[in-house]
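Enquirer: Residues per chain are reported as follows:
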Amino acid sequence: MEMTNDWTVGMMKRLRVMMRLMRVMRKKDEASPEALEELQDFLSKLDSTDDKKRKSNDVSDTQSASKKRRLMQERTEAGDEGEFGVSVRGSTALKLDDLLAPLASSSALTTLKKSIKVLTSTSTKTKTLSAPLPQRAQERLDREAAYEQTKEEVDKWSATMKRIKQAEHLSFPLQAQSEGRVSNLELAAKFKPSNELESAVDNLLKSAQLRDQDIAGTEALKMAHLSVEEVAARRAELRMMRELAFRADKKAKRIAKIKSKAYRRIRKKQRERLGGEEGDADMDVEDAETRLKAEVERARERATLRHKTTGKWAKAMQGREELDVDQRQAIGEMLERGEKLRRRIQGEMSGDESEENESDDEEQDVETIKQGAFEELAMLNASDVLSADIKSKSVFNMKFMRDAAERQTREADAAADDFLKEMGGVEQESDDDACGDRPVTEGPSVQRVGGRVIYHPGTIPYTKPVDSHASETSSVTLQSADLVQDSPKNLNFISSPIISSPTQESNPWLVTSSSSGPSRKRSEVLVQKGSDALAKSTNKLKKRIAKGGEEKERIQDDAVLEIDADNVLTVLEPASAPAVINTKHELKGKRKEKPKNDSVAVRISPADADDSDVHSEVDEQERTLERKRQRGKGKGVTAFKQRELVSLAFAGDNVVQAFEDLKQSEIEADAPREVDTTLPGWGSWGGTGTKKFPPRPNLIKKIAGVEPSSRADYKKAHVIISEKRDKKAAKYLVKELPYPYTSHAQYARSMDIPVGAEWNTRVGFQRGTLPRVVKKMGTVIEPLVKAS
Amino acid sequence: MASSVDSLFVKAQNTTLPKSLRPTSPPPDNVPKHKHVKDLKLRTKLNRQAAHAARSKALVEDAELLLTNEAGKMQVETELERTWRIGQDDIVQSASQEAAKGRRELKLDGGPYRSRYSRNGRHLAIVGNMGHVATFDWQTGAMHAELQLQETCRDITFLQDQSFFAVAQKKYVFIYDRDGVELHRLKAHIEPTRLEFLPYHWLLASVGNNGFLKYQDTSTGHIVAEHRTKLGACHTLAQNKHNAVLHLGHSNGVVTLWTPNIPHPAVQILAHFGPVVGLSVDPSSGGRYMATSGQDGVVKVWDCRNWKGTVREWTTRGGGAELEWSARGALSVAVGGSVNVYTKLSIQTSHAPKAPPPLYLTHPIPHRPLTSVRFCPFQDILTIGHNAGLSSILVPGVGEPNFDSMEADPFENKKARREREVKGLLDKIQPDMITLDPDFVGALAPPTKLTTAVNDTHDIPFARLPRLERLRVQGKADETELVDDDDEDVADGDGDKNAKPQSRMEKEKRKMRGKGKSVKRYLRKQRKNVIDPTAVAIRAKLEKQREEKRVAKAIENGSMEARKPSALDRFRRP
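Same order as they appear, the protein sequences are chains A and B.
Numbering follows UniProt numbering, in which position 575 of the first sequence is assigned residue number 575; successive positions increment by one, without gaps.
Numbering follows UniProt numbering, in which position 371 of the second sequence is assigned residue number 371; successive positions increment by one, without gaps.
Wrong hints could be hidden among the right ones.
What the hints assert, rightly or not - List of simulated lysine-lysine pairs, DSS-like, C-alpha gap at most 27 Å:
no., chain 1, residue 1, chain 2, residue 2
1, A, Lys162, B, Lys38
2, A, Lys399, A, Lys421
3, A, Lys735, B, Lys45
4, B, Lys19, A, Lys715
5, A, Lys775, B, Lys45
6, A, Lys775, B, Lys19
7, B, Lys230, A, Lys716
8, B, Lys428, A, Lys731
9, B, Lys449, A, Lys715
10, A, Lys715, B, Lys354
11, B, Lys354, A, Lys724
12, B, Lys354, A, Lys162
13, A, Lys776, B, Lys45
14, A, Lys716, B, Lys476
15, B, Lys423, B, Lys101
16, B, Lys476, A, Lys165
17, B, Lys19, A, Lys731
18, A, Lys162, B, Lys549
To be verified - Beyond 10 Å from chain B on every Cβ pair, some chain A residues (computed):
no., residue
19, Ser171
20, Val655
21, Trp685
I should point out that these hints are in silico values taken from the structure, not numbers from a laboratory.
Positions of the beta carbon are idealized from the N, C-alpha and C atoms, including for glycine.
Take the sequences, apply the hints, and build the full model.
Expert: Okay, here's the thing in structure tokens:
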């Protein structure tokens, strides 16, 4: 404790000294002799005291452990006050700057000072701050200000938001995205030199006037005095240049291709030869494998049957007389296939087979390959000569162009020459090989030719000419034997019935059909069945008539009879109907001739009408025409008579009455009614002499119903329309008027528009079903951005 | 300031329609503008809907340009000529070679025969009463199946396409595949007399001697509905292709309309005094007309929309007539010994009472009875089944000339057929959806007609009222237009009659909570006596519209003559 105290005291002293020193130093600026003196004094003092102190301090430190602690006086003043004490003057108060002065050179301090500058300046004004507002008031003010700000900010969006809200359709993202790729031109246009190198290059370009805009300018300048023809010529020249460059390119490519192709082929041959020599050991395995493969191939070929004319399809094609392009092509293909197969069987390949066929061709060897390659090259050169003529004058006369072209041709030629040289070398070798290696087989051998294995003794068989085998194979030309042109099948589609064309049978009425006999029989059966039902109805009627008068009964009987008779009549008619009126000339005469048929039907038909109702309609029409001609003579009586008679005949059916009753009962069942639910003997006195009270209103139960006058069939005697609620269909109805609509008509109209594609055109349908908001799946929807 | 806003404006380009869907022309003129709707959002929506509706309609009309085929017809040159005087020989001679192939006679034993074409008109199924069944592609003459079933067969129909067909045999309905292999015996259908197949619902319907109408789903095999008609044996069945409602004709002269949903007929019509023999619904007019014929020899054409009576009726001779409408609305009537064809125009135009319509074509057939008439779809061919087989005649101009290959393609191949089958299954409609009005799906439920007693007062609290009623009470409902539907009109009229005009007190009582502020009430009272020129104008305008509507209706009814424009009109006040 002591020690620390001592130490602190020492420190303070030292600090004080330092401060004094600094003060003096500051004073030094003023450079008064007084001050200098003072300083010297001070320094001299400083040395002695300081050393002493330090020594004493050291001593005291060592001694302090043994010594008792010493009480120290508490000091209130800043420093020792005495004769040597610093007189404190008003203007020389210690400031922060004083402390910081030695650090003036360090950069950290300068920055700090800069930042503090603001504070220091305000502090100099030394204004007193007013007391802050109460928190609530302050916050309110803050909020108001913030609101103003935010409102201003948000109001900028109000127009947009209004538009979005009112929009019929929104497809997100709402703002079209900028083009993802930036073109070179765009980049070039935007380019600004940023670093030294770029600016240097730019300057150079500028000075040389080689920038885009400069070039354009110079070109325009140059073009300015040119005529149209000259410009056209220049353009043509340019085009030619491009063309030639392109050709040269193409030629080089072609040469490379020929080279590589020939090379590959030769390599293949070599490999085969080498493989044949070396791999005799594993020949069996490989051979077996390849054979198996070939067998499979062959089986497949045969399975498809597409090489033959025995297939279903081929046969179908035979019957056709006129073939369209596709079919003809298909037939051709089929024949070709057959031909190919036949050849394969015989083991000879066609010359025009593609590469894979060539590869297994024995005869074609390296030489031919090379020959082919050379020929191709020669052709290429020949064509080149042609093209060389074209370049005669113009730009190509310029030196650099000529050089470039020459270089190119030289390269191509060199490539070709190399190739030739290489080939030449190989050629000789292969020739030797070919001579030496040609095998001469003797003794029986098994050879595989194409798809068929041929066993032959000794010699290699020679393939027969193609023609001799033509008849052996099934595949031949269209005219060959198995394509029989048989006529299309008879298309009668019902076997039992005879379909006679209507033209043969000009007047069906005059022909006595053989079927009329049995048909009559059958229809009699029918009538019996029908009459059975009718008998029932007559029974019913009789029951009803029991109530009615006898007079009615007779009429009803008549009616029933009429139906019966009519049925019989219709059956008998075909036989009895003698003639038909096909043409109008015959019509009038025939009507008279028709024999009268005295069956029951006559009774009900009007006197002037004919019995035969075969052509009643025609008659009727004729009659109406007649009537029209003699208008005003009152001939409508006949029709009326008939109607009267019919109604007379059916009058007793009581159907009208029955229907009315039914309707009445229906109306009553549906009508609202009141039911008296009083229980006799409850809540009232019984016995003799009691008064009969009317039923109490609270005991009358009202049952809801449909008023007769509000029925749909009100005042329509012949119809009953059910007023019962269709419960099952009710679930498809809307019970309440849906929200935005304020009237039934508005809603009904909105539902009137059909939505489905069946009732609309494509555009109408898509427009009708377009959702309000559309967004692309997987795209990020960015918030709206203000346009600058 | 504005310029700065503009400069800050964010270019959100993709708020417009895709280029391919953008309209190329200005919207049609007659698009309603909905100016009376105050709500901007709703108004925009309505306007957009209206514009889209008008556009798509115009597009569809444009696309009709692609229907290039024209229907043929016969025309008279002079007034004395009649089309019905032209016989089949003449028609065949003048028809092209390909079209003339349609004229043919099939002479078959075991008749009388009935026939049915597949939906694409390519395949024909025939059945003889004695059990001879055959299906074939009539154009190429390729036979699919021929069976001798050795028992009474009453009807035949193809199912979804030519690969299946159902035969109504003596006891049950049997389903055969294309090659005539028996696949199913439908034991639920007992003694069937007539069959119909509803293609969009995949329902096979049969009606039999026991008077039951049965629906069977041919994709799942379930019996969907069995209805007891209570009217005895039924021999007449037809379907309305527009709404898939089945029409039955009964022996007491009543025609009943059935849906699978309700166990009683939706509509019953007393059509004839005798048994109903023939029945057919016009496919050309959206199922608007129905033709019936009875044993009493009367043919009637009905308007199916409101059943106000017959459009036309006439008497034929020879008893009951077999009927069939063609795709273009020609009606064929096979009666007695001949087939008569009437055109659409002649049937629908007004006429003298009970006079037959002018005949278009007639053809005599000597083999009675004529048991079926069928038009071949997309062809001008009418096939008549009779005692001695079948005869096909040419009737120019009755077939639909343009086919929709998505719907029924006469030239479809195997792959297309398969695809259509799968697509048809995916698009199958539930049998519940069969009602008289096929557009009901998604519509607002009509107000109920149920009322209790005479002086009944519904006291439903405001909060529990349906939305439309609430809007009406609040005065926010848009009352300017009514739905142009007959039923709706009737309902509205009734509603007006029944509903008492509400007093202001009552109205205010039913205001939404918090809306009846005293200040507002005061202001409203203040407003009451103010005669506003705009209000007057609106009232006058409404009155004028109503008057115009009334006049238009009167003209339509025929009770009023349309005013002919005169030269003095230019001096009229607008």
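Enquirer: None of the hints should be skipped; say for each whether it holds.
Expert: Comparing the hints with the structure gives:
Proximity of Lys162(A) to Lys38(B) is assessed by CA-CA distance (about 19 Å); at most 27 Å being required, the pair is judged to hold. For a cut-off of 27 Å, the pair hint linking Lys399(A) to Lys421(A) is broken: about 32 Å separates their Cα positions. Taking the CA atoms of Lys735(A) and Lys45(B), the gap is near 22 Å; set against the 27 Å cutoff, the hint holds. Only pairs whose Cα atoms come within 27 Å are accepted, and Lys19(B) paired with Lys715(A) is rejected, the gap being roughly 57 Å.
In summary, the hint linking Lys775(A) to Lys45(B) is supported, as the alpha carbons are separated by about 22 Å, within the 27 Å threshold. Taken as a hint, the Lys775(A) and Lys19(B) pair is honoured in the structure, with Cα atoms around 16 Å apart against an allowance of 27 Å. Note on Lys230(B) and Lys716(A): the hinted pairing holds, with a Cα-Cα distance of about 23 Å set against a maximum of 27 Å. Only pairs whose Cα atoms come within 27 Å are accepted, and Lys428(B) paired with Lys731(A) is accepted, the gap being roughly 18 Å.
For the given pair, Lys449(B) sits about 17 Å from Lys715(A) by alpha-carbon distance, which is consistent with the 27 Å threshold. For the suggested pair Lys715(A) and Lys354(B), the alpha carbons sit about 22 Å apart, so the restraint of at most 27 Å is met. Only pairs whose Cα atoms come within 27 Å are accepted, and Lys354(B) paired with Lys724(A) is rejected, the gap being roughly 35 Å. Between the alpha carbons of Lys354(B) and Lys162(A) the distance comes to roughly 67 Å, so the proposed pair goes past 27 Å and is violated.
A hinted pair counts as satisfied when its Cα atoms are at most 27 Å apart, and Lys776(A) with Lys45(B) qualifies at roughly 26 Å. Between the alpha carbons of Lys716(A) and Lys476(B) the distance comes to roughly 38 Å, so the proposed pair goes past 27 Å and is violated. Distance restraint check for Lys423(B) and Lys101(B): the Cα-Cα separation of roughly 33 Å exceeds the 27 Å cut-off, and the hinted pair is therefore not satisfied. Between Lys476(B) and Lys165(A) the CA atoms are separated by roughly 25 Å; this keeps the pair inside 27 Å, and the hint holds.
For the proposed pair Lys19(B) and Lys731(A), the alpha carbon gap of about 40 Å is over 27 Å, so the pair is violated. Distance check on the hinted pair: Lys162(A) and Lys549(B) sit about 41 Å apart at the alpha-carbon level, beyond 27 Å; violated. Distance check for Ser171(A) against chain B: the nearest CB is about 4 Å away, which does not clear 10 Å, and the non-interface claim fails. For Val655(A), the non-interface assignment is contradicted: its Cβ lies about 5 Å from the closest Cβ of chain B, within the 10 Å cut-off.
For Trp685(A), the requirement that its beta carbon stay farther than 10 Å from each beta carbon of chain B is met, with the minimum near 29 Å.
Violated hints, in rising order: 2, 4, 11, 12, 14, 15, 17, 18, 19, 20; the structure is consistent with all others.
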